[in-house]
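Chemist: Generate the whole structure from the sequences, applying the supplied hints.
From first to last, the protein sequence lines are chains W and X. Heads up: the first sequence is residues 60 to 225, going by the working numbering. Heads up: the second sequence is residues 60 to 225, going by the working numbering.
Be aware that one or more of the hints could be misleading.
Same chains, same names: a pair is fine if it fits in one copy or spans any two.
The calculated lysine-lysine pairs, modelled on DSS-like cross-linking and capped at a C-alpha distance of 25 Å, are [claimed, not checked]:
#1 K119 with K170
#2 K119 with K69
#3 K69 with K189
#4 K160 with K119
#5 K170 with K160
The set of hints was computed from the structure by calculation and includes no laboratory data.
2 protein chains.
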Amino acid sequence: MGERHHQRHKPPRALAAPRNLVVVCAPLRSNINLSRIVRTAGCCGITRLISIGTARIDPKIARDAAEHITLETHRTLPPVVDRLGAEGYRLVGLEQTNDSKNIHQYPFESKTALVVGNERLGLEEDILAKLDDIVEIPVWGLPFSYNVATATAMALYEYCRQFPEG
Amino acid sequence: MGERHHQRHKPPRALAAPRNLVVVCAPLRSNINLSRIVRTAGCCGITRLISIGTARIDPKIARDAAEHITLETHRTLPPVVDRLGAEGYRLVGLEQTNDSKNIHQYPFESKTALVVGNERLGLEEDILAKLDDIVEIPVWGLPFSYNVATATAMALYEYCRQFPEG
Numbered sequence: 060m061g062e063r064h065h066q067r068h069k070p071p072r073a074l075a076a077p078r079n080l081v082v083v084c085a086p087l088r089s090n091i092n093l094s095r096i097v098r099t100a101g102c103c104g105i106t107r108l109i110s111i112g113t114a115r116i117d118p119k120i121a122r123d124a125a126e127h128i129t130l131e132t133h134r135t136l137p138p139v140v141d142r143l144g145a146e147g148y149r150l151v152g153l154e155q156t157n158d159s160k161n162i163h164q165y166p167f168e169s170k171t172a173l174v175v176g177n178e179r180l181g182l183e184e185d186i187l188a189k190l191d192d193i194v195e196i197p198v199w200g201l202p203f204s205y206n207v208a209t210a211t212a213m214a215l216y217e218y219c220r221q222f223p224e225g
Numbered sequence: 060m061g062e063r064h065h066q067r068h069k070p071p072r073a074l075a076a077p078r079n080l081v082v083v084c085a086p087l088r089s090n091i092n093l094s095r096i097v098r099t100a101g102c103c104g105i106t107r108l109i110s111i112g113t114a115r116i117d118p119k120i121a122r123d124a125a126e127h128i129t130l131e132t133h134r135t136l137p138p139v140v141d142r143l144g145a146e147g148y149r150l151v152g153l154e155q156t157n158d159s160k161n162i163h164q165y166p167f168e169s170k171t172a173l174v175v176g177n178e179r180l181g182l183e184e185d186i187l188a189k190l191d192d193i194v195e196i197p198v199w200g201l202p203f204s205y206n207v208a209t210a211t212a213m214a215l216y217e218y219c220r221q222f223p224e225g
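Modeler: Below, the structure is given as structure tokens:
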């Protein structure tokens, strides 16, 4: 195969249009989880992230994404969800509910707000009631639940797979 | 929509056969990254993970996966890769190289060893030369590289998407 060699930190792929996905984090307990989500979102070309509560970005974890993502912070989640809905975003929660859809078969709309929940509590039921769809990531073994930053990374992967050019 | 309610920690999906995927971690700097990979692999129903070097599992992070995954540890990576190749595994590295394939279009073989690299160095070139294929996850923005546990989670997601029943 000739010589195979590293090409780390390749130039990124081009997007035909800015990403229409907004990531919305319910109040998270952990600055680490928020910061990991910011790093992943940055790599995915996402430019807008909304964080509720007091979790703060650690730039050692989020890296350059900390400077390139517009982070909005708010005190409470319900009015944020209402506003995004009024702005025309499809409101999609990442959670396990009685009516959650398998993300493997879920066709994302381009203009989507992905709402992720607290590490322990997930998304509260008053929020679930406001969302258009709930998607879940299949689980096959213990501990039966993905870390919130891991689950968000998988959901962002799936969205980007469906919209490789934005 | 009636009442939408949580169903957290749903029973896992069934696999028609045990997962044929083995995760192989080059020497990692961080116990946290290894432990995160173990948790994610456990959720994906993977039962065999090989770790090179001295990184140790933190059960607070890996949760129950720490007890349900068979972890093999070895001192060096090359003989492990050779042995897995002889056992008939397709050897797939997760890396950016001159010939890496976009994971979005990569059809995994069921019997695959997914080899992931060190946080800083990635996979060394003597290992790259031994592998059948290299897959990369597209990147669209800064910091232009996913954390190793995040990238592994995305690759496991893609494998499981292709083999939802094992």
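Chemist: Okay, which hints does this one fail, numbers in order?
Modeler: Of the numbered hints given earlier, those the structure breaks are 1 and 4, listed in rising order.
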